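Model the full structure from these sequences, guided by the hints.
Given next are the chains, with one letter for each unit.
2 protein chains.
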Amino acid sequence: MVKIAAIGLGSMGYGMAASALRAGHQVWGQDINAAQMARLVAEGGTQLAPGDVDAVMVVVLNAPQTEAVLFGADGIAPHLRAGTVVISCATVAPEFARDMEQRCAALGLLYLDAPISGGAAKAASGQLTIMASGTPAAFDAARPVLAAIAQTVFELGDHAGPGSAMKATNQLLAGVHIAAMAEAITFGMTQGIEPAKFLEVISQSAGTSWMLENRAPHIIDGDYTPRSSVNIWPKDLGIVLDIAKSARFSAPITAAAMQQYLAAAGMGLGGEDDAAVAKVYARNAGLTLPEGSA
Amino acid sequence: MVKIAAIGLGSMGYGMAASALRAGHQVWGQDINAAQMARLVAEGGTQLAPGDVDAVMVVVLNAPQTEAVLFGADGIAPHLRAGTVVISCATVAPEFARDMEQRCAALGLLYLDAPISGGAAKAASGQLTIMASGTPAAFDAARPVLAAIAQTVFELGDHAGPGSAMKATNQLLAGVHIAAMAEAITFGMTQGIEPAKFLEVISQSAGTSWMLENRAPHIIDGDYTPRSSVNIWPKDLGIVLDIAKSARFSAPITAAAMQQYLAAAGMGLGGEDDAAVAKVYARNAGLTLPEGSA
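Sequence order for the protein chains is R and U.
Each residue of the first sequence is one higher than the one before, counting from 801 in our numbering.
Each residue of the second sequence is one higher than the one before, counting from 801 in our numbering.
Derived from the structure by calculation, the hints contain no laboratory data.
Please note: incorrect hints may appear among the correct ones.
Identical chains share a label here; the pair holds if one copy fits it or two copies do between them.
Claimed, not checked - Calculated lysine-lysine pairs in the DSS-like style (CA-CA distance at most 30 Å, straight line):
#1 997 - 1045
#2 997 - 1035
#3 997 - 803
#4 803 - 1045
All of these numbers come straight from a predicted model, not from anything done at the bench.
Here's what the structure looks like:
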């Protein structure tokens, strides 16, 4: 059993912290939202001093937040004891992950480049997929935590970088597939294909994808409660396109998908479920998507 | 048991004709390639008069070929007896399918809008997926043939059109997913991710698709033997974009994918497996894809 600081108690981080608690670890939760911190204490969370923790899970939105919670004015990194492992879960550029690893090493800290995949439900049940890379010492120190929060841990390299690179590659496809599903379901509507019939047939055909089967039901149900929001994609595809630009890599399909998410955000849909990118297509073509029963 | 004229004995049509033979039907195969006709006769194919057949399977490349074999100078339609069903399997625009149905009806012929999906191996084993629409009489007349060639028949409407519309929708996604896989696998290579590792991780993650799992192995093996060729996509995405243009439907992701297939064809790769669209990305980024062992 280890002592864990869980920084970031949003939909992903809270579930991960609660999973670690259930596994018997001591967990100190921190968030800008005091209600989430109180909720974790009610589930068994403990106050811990930074110098006492064995592992820090950083589950925040992006690279600037990751840097701030580690190395900002109130950053935790300088207060950790040597040998503590920082498990960094945000989707970031591989270059940023390599930089964080070096800055942690300068303080005697271990760093695991550990972006997560699977959504809030898998976070809550301790069944995430983690695309991880780091030194053998970082993996060893992180293993009790990983066992509590993940179903699958891909070990992708012995330094930070490959974990974030694989996550970016996955996000490229996931973001493109959601937008392509939205393009196809509305294209079908222009030809008289009902969205429910689209899902029935295409999910059994060569045109299917994991994201199509997961997100098309939201459109059919007219339910845009955010399981994962539109705003994730300008961020994550932005990371992909930044990496691509640095590598002088032409990614025209990703770039086209990015524009559709930006249009959705521009329509004021940033906080809706990412399946709401279909509303961009529907507005452009004068189509009426299914309405929710709620 | 029925009498079938099988027009078009390419990789799909031959397998379908052979499947119909195995099911006990009499099959008269026709193709511009005499060797394919002789091969079918060796497997049990029979010479039949047009006026004697119960069903015509048209398994050609596109709409112009479909129109030519039915209504061209040597077209078969005028020689068929009333009540014969034409099973039209090429990917075509819904509008074209509706036109063919009407022209067949004018001759007393039934017409099934029946585009096929599943590839040459499924055609050979009689396990295709068919996205079909047509009158109840057309379905009734076609059913013995469908039972011999298909594992799954989606019945999508009581006139021609919806079958082709669903096929176009499926092709939109299939074409986008192959090109997106190519974009992602080469993007990953710029970040040091080996193609085999890409497939291992992404096929178990939210970024996966049916096409990714089917086509990425071709890239990893460096094997571009055409199971389905690059040239299919300028044709099929061209149909999608033509339909979209007629409907004033903006399809930017499909349009971006189309450009990558056109670039592949422009590189002289039209006859290679469609996974060769990855070579466009590799050339642009100066990457070396895996080479085949052959």
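* With 30 Å as the alpha-carbon cut-off, assign the pair residue 997 and residue 803 to within, between, both or neither. => neither (50 Å within a copy, 33 Å between copies)
* Could you figure out if residue 997 and residue 1045 sit no more than 30 Å apart (CA to CA) within one copy, between two copies, both or neither? => Classified as between; 23 Å across copies, 39 Å inside a copy.
* Taking 30 Å as the upper bound on the Cα-Cα distance, should residue 803 and residue 1045 be classified as within, between, both, or neither? -> For residue 803 and residue 1045, the Cα distance exceeds 30 Å both inside one copy (40 Å) and across copies (60 Å).
* **Status of residue 1035 relative to residue 997 across identical chains (alpha carbons, at most 30 Å)** => between (32 Å within a copy, 25 Å between copies)
In terms of the numbered hints stated before, the structure departs from hints 3, 4, listed from lowest to highest.
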